[in-house]
Amino acid sequence: MNSISGWKETGIKSVWLITALISALSVVFILGYLIITSLPIFFETGIFGFLFNTDWNPTGSTPSYGIAALLVDTLLVTLGAMIFAVPLGLICAVFLAYLAPRKIRDMVKPAIELLAGIPSVVYGFFGMIVLCSLLQNVLDIPSGFSWLAASLLLGIMALPTIVSISEDALFAVPADYKEASLGLGATKWQTISRVLVPAAASGISAAVILGMGRAIGETMAVMMVAGNAAVIPSPLWDVLSPVRTLTATLGIELAEVASGTMHYYALFGVAAVLLAITLVINLISTRITSKIQSGRPIFSVPAPVKKILILSMVLLAAGVILYELGLIPLLIMTGVTAAFFLLKGKISHKTTEHAAFGIIYGGTALVIGILVIILGNIFINGVPAISWEFLTTAPRDLGREGGILPAIIGTLQLVGGAILLALPVGIGAAIYLREYSRDNPLTRLLRIGNDLLSGTPSIVFGVFGFAFLVIFLGWGVCLLAGMICLALMILPTIIKTTEEALKSVPNSLREASLGLGATKWQTIKNIVLPAAAPGILTGTILSIGRAAGETAPIMFTAVVFSKRFISMDLFEPVMSLPFHLYVLSTSVPDSETQQYGTAVVLICIVMAIYLVAIVIRKRFQRKLI
Amino acid sequence: MVMKSKTLKTVGVTTAILVVLLVFASGCISSGEEPETITMSGSTTVLPVAQTVAEIYMDEHSSADIQISGGGSGVGVTAAKEGTADIGMLSRALKDSEKTGSNLSEYIIGRDGIALIAYPANPVSDLTLEQIKDIYQGKITNWKEVGGADMEIVLIGRDSASGTREFFTEYVLNKEDAAKTMQEYSSNGAVQTAVSQTPGAIGYVSLEYVDESVKAFSIAGVKATVENVINGTYKINRPLLLITNGEPTGLAKAFIEYILSDAGQQIIADNGFVPVA
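First to last, the sequence lines map onto chains G and B.
Numbering-wise, the working numbering puts 79 at position 60 of the first sequence, and it's gapless, one number per residue.
Numbering-wise, the working numbering puts 160 at position 156 of the second sequence, and it's gapless, one number per residue.
Bound-form chain G, shown alone (with noise of 0.2 Å):
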């Protein structure tokens, strides 16, 4: 190797370490920008003050900047999220790697991915049109628009993480397991709820863990369902009491705050610290899922602690009874308790098994029916608003005459710009960290940096761009911010699905190369690349998709509500298709028509973009095989 050649190497490979940097700084430098930009909030009232005065009231006559009440509505609506996805997300994931037929496997699982792939503006949508007048019809309160709505759809929201995660889990517990318990005489419901879901059991916390990440940093379909008043629930448990998340008051407030004020510092301290939940929640995650990988169990508790904990549960459980409803009921539910714990024995193990699987086919019929009522809902209404003119013109009337071209146009822009952004430093990052580098100190900061992007509320992105992008550099609201936003926000996916494919590709193909005088560039250049293509599309389609439907990163960043012309002038502002839906189906009235029609074409193009990755992949896997 002459010395030139040994240049360009140690060229390219520092290429590839700057682009590996990018991601991690980026994050450093979010998470330094919002805090140092928050500070005058916290000298105004201190940490203390900031995080546990439940009173946030900004425009007040006393102005009162306290978070608690925003932090706890955060913490119920995640949590009611949760108290409705797991269970759910858990009898699908295991009808789906237990009892399901292949075939319904095949379709059932896909389905679930396409609940996924639904913006979440379309989300919120058919949670105001169609889930909040429900609630308020069926229960009969004066208003739907509350923590119960909201945490119905963010559950609805979680269960492709959750089931998708776990069911992968549970398929990697070792067929031994499942046979020995057979073997031994155990029914199949015994052996699932007694073997295979505790050997999945640090899998399937990850699961759930990430699916609480994605909850918690949810903002468009929350923002429209919940109502956004500042309270905590009065009993803590009202769960049809309106709340406001912290997600909430950043896209509800933000754009309408003058900067420089004392409202506007505690706004950024409210994405401070909103980021600063949802990186504690990735690092714990990342721990879970490394300790998974390296075999150790997560958490082993004693035997006494666990009855001590179990035992102060039921207690404090059977005290909140006791003072919110009485002796009564407290009664009766001790009665419930104990007749079932006594009739737990007598009852066959069949009949349990029947009840069990009973459960899981209602479980999952529930899930597959959501979806269709969803989709079915936006399709009916929405397809007869679809018109040559609607696809082909610009919006008159704030939206309600007219179509949606620019919108359409400016979604593809956007999301084109922060492909061609992310995608070449995407995959040099990705190179670097799995082709030139070791498991090092660096690396593994490198690692961490990225998986706290992907973390990142989408939000965040949003108000980042807003204070950096739009306001300090002066750019306004514009094209090119909200590219930078999305691209900052696919980037994380990006890396990963890169690295996964180019650790698919055999190490004799690289060794083979290098044998035969390759040098290293050339090597992955010629051999590894293209080989990891198919991986790295696939994970690069996924991210166009995840992009197209955004709309917390650009609403502050990139887009106006309506624009005649279509230019590709990065410093002038687009519409964009979940922006559009967003304000016609708040802000526009009697424009319902438009509203599904606009839901129906954003979904139309997310779902392709989707359907052309999956069938890549699918092609590809049968390659392989």
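By construction, these hints were calculated from the structure, which means they are not laboratory data.
Nothing here was measured: the structure is a model prediction, and the numbers come from that model.
All residues carry an ideal CB built from backbone N, CA and C; glycine is no exception.
Some hints here could point you the wrong way.
Said to hold, decoys possible - Below, simulated SDA-like cross-link-like pairs (lysine to any residue); rule was C-alpha separation at most 25 Å, straight line:
1) K85(B) - G495(G)
2) K179(B) - I251(G)
3) K219(B) - L255(G)
4) K85(B) - M281(G)
5) K103(B) - S80(G)
6) K148(B) - L158(G)
7) K143(B) - L255(G)
Claimed, not checked - Computed from the model, here is a short list of chain G residues facing chain B with C-beta under 10 Å:
8) S278
9) M281
10) V607
Said to hold, decoys possible - Counterexamples of contact, computed for chain B against chain G with all Cβ distances above 10 Å:
11) T104
12) I112
13) P127
14) G151
15) Y175
16) V226
17) A228
18) A258
Fit chain B to the known structure of chain G by using the hints.
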């Protein structure tokens, strides 16, 4: 290997073609005259009428491109000051604190009444200012206390950047805070939609948002109509402003002149506002 590097090439070429197509497609659609662009943002009260005027203006001047987005009056001020918009829209007067240290030009383009609205079937049809204040401060929580049915009152209001809310807080609530249970929505349209779907709701919106889907209260016997705003009997009204950073120029100047002209003021009146000219 040949197969696979082919795949890579195909992928690369396809992507390149798509990008080029996209650029060309956008180029084709926007070709023709080079449009002159201005952006306006701010009050959602002013937004619809500004949009209507802009559409008519753009039909008459094919090279004009006026982009309008909402946000709220607070945004209007910020955007005009920071230069992120050429014209800011406000549904309240500029505050002294906003005027200091900047060179904002302001133009009153009309006045707007604020209507208190409820679900159409609500039997209550008249409230006094004191009753409204008590309702919004949580002292009256049931419609039966103001002569209606036994039904819990659902408070609906605007977000903190809203000029409508600011005016409402100042004029009706005497600058005191509303009850914390008030649900907040970020536009007039959102409040109207929420009230039209919620039997126990009360909300406040700009007069132009009153239609058959909601019912507007008369205030101490005075109906919420444009005529009553003009003749001075309906007191809950405020100015609508356009502001620019310094003297407006070019398209911004032409557009403001148009909205203040007879034709523009006619559109203001058609939209349920009170013209100034």
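Here is how each hint holds up against the structure:
{"no.": "1", "hint": "K85(B) - G495(G)", "result": "12 Å, holds"}
{"no.": "2", "hint": "K179(B) - I251(G)", "result": "24 Å, holds"}
{"no.": "3", "hint": "K219(B) - L255(G)", "result": "34 Å, violated"}
{"no.": "4", "hint": "K85(B) - M281(G)", "result": "17 Å, holds"}
{"no.": "5", "hint": "K103(B) - S80(G)", "result": "20 Å, holds"}
{"no.": "6", "hint": "K148(B) - L158(G)", "result": "21 Å, holds"}
{"no.": "7", "hint": "K143(B) - L255(G)", "result": "22 Å, holds"}
{"no.": "8", "hint": "S278", "result": "6 Å, holds"}
{"no.": "9", "hint": "M281", "result": "12 Å, violated"}
{"no.": "10", "hint": "V607", "result": "5 Å, holds"}
{"no.": "11", "hint": "T104", "result": "13 Å, holds"}
{"no.": "12", "hint": "I112", "result": "21 Å, holds"}
{"no.": "13", "hint": "P127", "result": "16 Å, holds"}
{"no.": "14", "hint": "G151", "result": "18 Å, holds"}
{"no.": "15", "hint": "Y175", "result": "14 Å, holds"}
{"no.": "16", "hint": "V226", "result": "25 Å, holds"}
{"no.": "17", "hint": "A228", "result": "17 Å, holds"}
{"no.": "18", "hint": "A258", "result": "17 Å, holds"}
The earlier numbered hints that this structure contradicts are 3, 9.
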